[in-house]
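So you can see what is in the structure, the chains are spelled out below.
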Amino acid sequence: GENVGLHLPTLSVQEGDNSIINCAYSNSASDYFIWYKQESGKGPQFIIDIRSNMDKRQGQRVTVLLNKTVKHLSLQIAATQPGDSAVYFCAERRDNFNKFYFGSGTKLNVKP
Amino acid sequence: GAGVSQTPSNKVTEKGKYVELRCDPISGHTALYWYRQSLGQGPEFLIYFQGTGAADDSGLPNDRFFAVRPEGSVSTLKIQRTERGDSAVYLCASSLQGGDTQYFGPGTRLTVL
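Residue numbers (the working numbering), protein chains in the order written: chain A, 1 to 112; chain B, 1 to 113.
Subject to a maximum C-alpha distance of 25 angstroms in a straight line, what follows is the list of computed SDA-like cross-link-like pairs (lysine to any residue):
| hint | chain 1 | residue 1 | chain 2 | residue 2 |
| --- | --- | --- | --- | --- |
| 1 | A | K99 | B | N62 |
| 2 | A | K107 | B | G40 |
| 3 | A | K111 | A | E39 |
| 4 | A | K42 | B | T76 |
| 5 | A | K42 | A | Y101 |
| 6 | A | K42 | B | T111 |
| 7 | B | K11 | B | R109 |
| 8 | A | K71 | A | T106 |
| 9 | A | K68 | A | K99 |
| 10 | A | K42 | B | R69 |
| 11 | A | K56 | B | Y103 |
| 12 | A | K99 | B | A2 |
| 13 | B | K17 | B | P61 |
| 14 | A | K107 | A | E39 |
| 15 | A | K42 | B | L96 |
| 16 | B | K17 | B | V68 |
| 17 | A | K56 | A | I20 |
| 18 | B | K78 | B | V68 |
| 19 | A | K71 | B | T101 |
| 20 | A | K99 | B | E20 |
| 21 | A | K99 | B | R69 |
| 22 | A | K56 | A | A24 |
| 23 | A | K99 | B | T30 |
| 24 | A | K107 | B | V89 |
Covered, in the sense of this in silico footprint (three residues per stretch, anywhere, with C-beta under 8 angstroms from a C-beta of chain B), are these stretches of chain A:
| hint | segment |
| --- | --- |
| 25 | 43–52 |
| 26 | 103–109 |
Derived by calculation from the structure, the hints in this document are not laboratory data.
Note that the Cβ used here is the ideal one computed from N, Cα and C, for glycine as well.
Assemble the whole structure, with the sequences as input and the hints as a guide.
Pasting the structure below:
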């Protein structure tokens, strides 16, 4: 796995600014990716997904970009709000395509 | 419109005891997953059920861990002879089919004293 221990990378942004959270994945055969948001004491919540035949997908205030050349995924949040404060995980589907592997997460801290 | 539910939300037990954690998936979802999440880390895969059968149990750390899904719906994760290192949040997720988008429950926080 890609877990890196207790010290989560943290991104601090001002309310109203745009946020970009990055994720590097490991397997060029991975074909499906999901971003999850996890608030303290809760389970991960689905935000947006993208398949490997796409480069970009947009949702409400969120955009996911996929760069397969460098195996990089990003989540962009527009006009970040205090309610966006959480830990964000990317998950990749690989191997037999029935399992997902999660990154170590990025903590987003939105300052009012 | 129930999502994935898990019970109990918190479980405190003593080292050496046996615990059962329950997961009730979204109705109609054939695939069910168990994950373990330690503080500051992402969910770590334990086991995946497709219907009643364990299609992949490669993430179970040792033979103290076992899971069942006898009727293809509710699943129970069983941990024997608990150790302090088993303390974590145990998450359950379900999807329509294996490999589809997974939806998570709130988790069970297990503390082994």
